[in-house]
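*Asks:* Since the structure of chain A is already known, use the hints to place chain B on it.
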Amino acid sequence: MSEVALLQLIGLIVVGLGVFILLFIKGKFLRVVGFVIIVLGGFSLIALSVPQMASLPPAIETFDITKVKTADDLASIGQKIFFSKGQCALCHSIGPSESSRCPDLNGIGAKLAPEFIYESLTQPQAYIYLDFRHGGVPEEYPARMPYINKNPIALSEQEIYSVIAFLQKMSGEPISIKVEDVLRESGGGEMKVASVAVHGTSSTND
Amino acid sequence: MKSRGTVENLQSWLPKVKHSSLSGWSVFWVLLLLPAFVWAQDAATQAMSVEYRDIPWIGSRNLVWIVAQQHLLLAGFVLGVPIFAWICEIVGWRSKEPRYDKLAKEFTKLLTSAYATTALFGGILLFLLIGLYPKLMAYLSDVFFPSFIAYCILFLLETATLYIYWYGWDALQGNKKGLHIFLGFLLNLFALGIMIVPNSWATFQASPVVLGDGTAIERAWTAMQNPTWWPVNIHRLIANVVLGGFICGAYAGVRYLLAQTKEEKDHYDWMGYVGNFIGVFGMLPLPFAGYWLMREVYQYNQQMGITLMGGFLAWLFILQAMLIGVLFLGANYYFWMGIAYRIPGSAQSYKRPILAMLVVLMVCLGVWMTPHSLVASLAEAQLMGGTHHPLLGVFGVMSAKMTVSNLMILVTFMSFIMYWRAGKQETAAWAKVAKAVMGALLAIGGIAVVVLGVWGYFVPAIIRINYFSVAQVLIVLFIMVTFTPLTALLMKSAKTTTEMVWGQMPIRAGYALVLNAVMVILLMSLMGYARSSSRVHWHIYGVMRDTSEYAYSPALGYAAAFMSLNTFLFCLLVSFIFWVATMGDKVKKGPEQGQAAEDPTKISGGVTPAMAGGAPRVGEETLKI
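Top to bottom, those sequences are chains A and B. Residues in the first sequence are numbered consecutively from 1, following this note's numbering. Residues in the second sequence are numbered consecutively from 1, following this note's numbering.
Be aware that one or more of the hints could be misleading.
Claimed, not checked - Subject to a maximum C-alpha distance of 27 Å in a straight line, what follows is the list of computed DSS-like cross-link-like pairs (lysine-lysine):
#  : chain 1 : residue 1 : chain 2 : residue 2
1  : A       : Lys28     : B       : Lys262
2  : B       : Lys177    : A       : Lys28
3  : A       : Lys111    : A       : Lys28
4  : A       : Lys28     : B       : Lys109
5  : B       : Lys109    : B       : Lys177
6  : B       : Lys495    : B       : Lys96
7  : A       : Lys26     : B       : Lys262
8  : B       : Lys96     : B       : Lys351
9  : B       : Lys135    : A       : Lys150
10 : A       : Lys111    : A       : Lys26
11 : B       : Lys262    : B       : Lys105
12 : B       : Lys262    : B       : Lys177
13 : B       : Lys96     : B       : Lys135
14 : B       : Lys96     : B       : Lys109
15 : B       : Lys109    : B       : Lys351
16 : B       : Lys176    : B       : Lys265
17 : B       : Lys102    : A       : Lys26
18 : B       : Lys102    : B       : Lys432
In short, the hints are calculated from the structure, not lab data. Keep in mind the model is a prediction, meaning the values are calculated, not measured.
Pulled out of the complex, with its shape left as it was, chain A reads as follows:
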């Protein structure tokens, strides 16, 4: 018997019990209890009659850094880090957005040198960063840039380089991060990155 069928059976028994109470029990309070369980059982039965979809988590992707051959591979990993472990997309948008709380990163890889991006990620308070995108006095952004290489995000060196590679590629720039340099930094090994898909997968649960 499937889970849904079992729950439907339980729902029917509960409704039946409620009907029995209303038909044969005289106690007023018990009759109210009977009424309540008919309502609750009925609600469960209706909910069981609509499509049953469970949301399953996506698999955790593991990247073997030693298998990275090209700069594009690195940028591809960087993109996944950008939207997952790096939490960059929590505040930054790529392209104009009403809800972003920090600078738009569209084309940032072309505007800034990789060394500057690295410094912005690891020493975010080194320069004053203000929002000049409106008239009048420039304002501070609502959210402050965290240290990306420290807790709680704590990206490793090679993960930061991967993100920079992604930012450069996304801006149409040639990727200046060298795969060999990244490999040397890591000494080989694995990076664990949660899948980019934050919405999960669904499956029928019938």
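*Replies:* For chain B alone, kept in the frame of chain A given last:
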């Protein structure tokens, strides 16, 4: 590594004690306890690395689900009741009608007995979370610790204020009533704090902000100010009033069914009316607060909004529509029964408007419950020309749903106005003009809501969401805020043509009140599941992934069965609490009840006739009904 270090430390320490008189014993004890010490260190290291613990058979998530739901529902009741208990007390104080003061006291009695149970479940929940989700709790403690302190202080203040407020009720009467009212204000102020601080923890999980460097207080404050914090605060504040009102209504409904004497029937009929009134009063603006919350969710993360409204949770909103629809029907039905049974002779004159309202409500409910996409076989889909039915598919979109929800609010509001005006005749010279203006406003407002709804199909979504939906909400709010004072003014000088009779409601009125309370509890459980599931496989969205075996969100049927179980448990718990709280009443039944029975019959001064359920006759100070 750590244990080896410990051994080395001990070895370096040993020669120092060699010269003492107790050196032999010391060495003996150290050697004896050494393994235990080292093992304890290992166990501590191991414990620090535990991310999850499980409970056999029921599972950790299910257990936390049950306990958290009970705590949340109790907390909603405990935080909602003081709001209207305090308002009732003020009404009684200003109008000098003791029955309001008595009612406020009765509400507070229910509150005091539920308060300890709420705290108990809060404690159990905390222990379970620390034990079952140590990694998540360590992270949250690191971020929010200063707010934990603030919460504890608020809790102490709330408890102390509640004790003084409750135990000082009789002592602080007469010229000290002002002080008691001030205590009620403080009680609500601390209750608000108690609600919004934990809300920040839960909303941070759903809409976290990145935390920069700073002091612990700065980090906690940044985390608290996450995008969905205030929308949830406002939504919960209103929802708590609704929950509290309908639960008090259900309590009165059950007591009405169990009533043995006419006096009891009169009193609990009136209390049921007030409970339903409070529930409906809160319910009317609640969809607007929900709309604001969803807007903020979409603005924060479109993917999360899509998961809620168009993803695997889409069918949940059909169930939500059903529950809200039944709640609207139940609340209106209770009003209509009030017109028919409390105001004899009114049933016939209001038959046609009631029928029209029922038809509008049913049609609106049908539209609201129409899904966007239908589950259809290939053959059925080919017949329909797609997954969307050619006619019904039109009703599955947000434009239609926003329109009908506004119309249902409007109808419910008009039911209330109708009840208010039933059995009275306006005597003011400007009454005809006022009624004509109200009629015209209602007609124009209703048509405008429908026109904007239809127009919404032909404009981009962003225009509809930002302008049309907002305009619909504002139109309905405008009608509510103009009609209420106008009707109040009209009723102030109105002549009562039919006297109101309490305690004559049929048995089904008590059941209608219970049904409303069950619907609200189910709704809160359902939307709690929605909010939690919208985080999908994240403990903290995008920040801390759920890596436990319970990282999935269960399907709606399974979840609904759990919600029903939780609702039933909560109803049992509340029944038990109320039973315990009113045990003492039986002992002192005689004089107390005599007083209570007398009070509902006194309606004087024309103050807040809507809450009193009737208006006075002109020139009469006290009206026997």
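*Asks:* Out of the numbered hints, which ones does the structure contradict?
*Replies:* The structure conflicts with hints 2, 3, 8, 10, 12, 13, 15, 16, 17 and 18, although it agrees with all the remaining ones.
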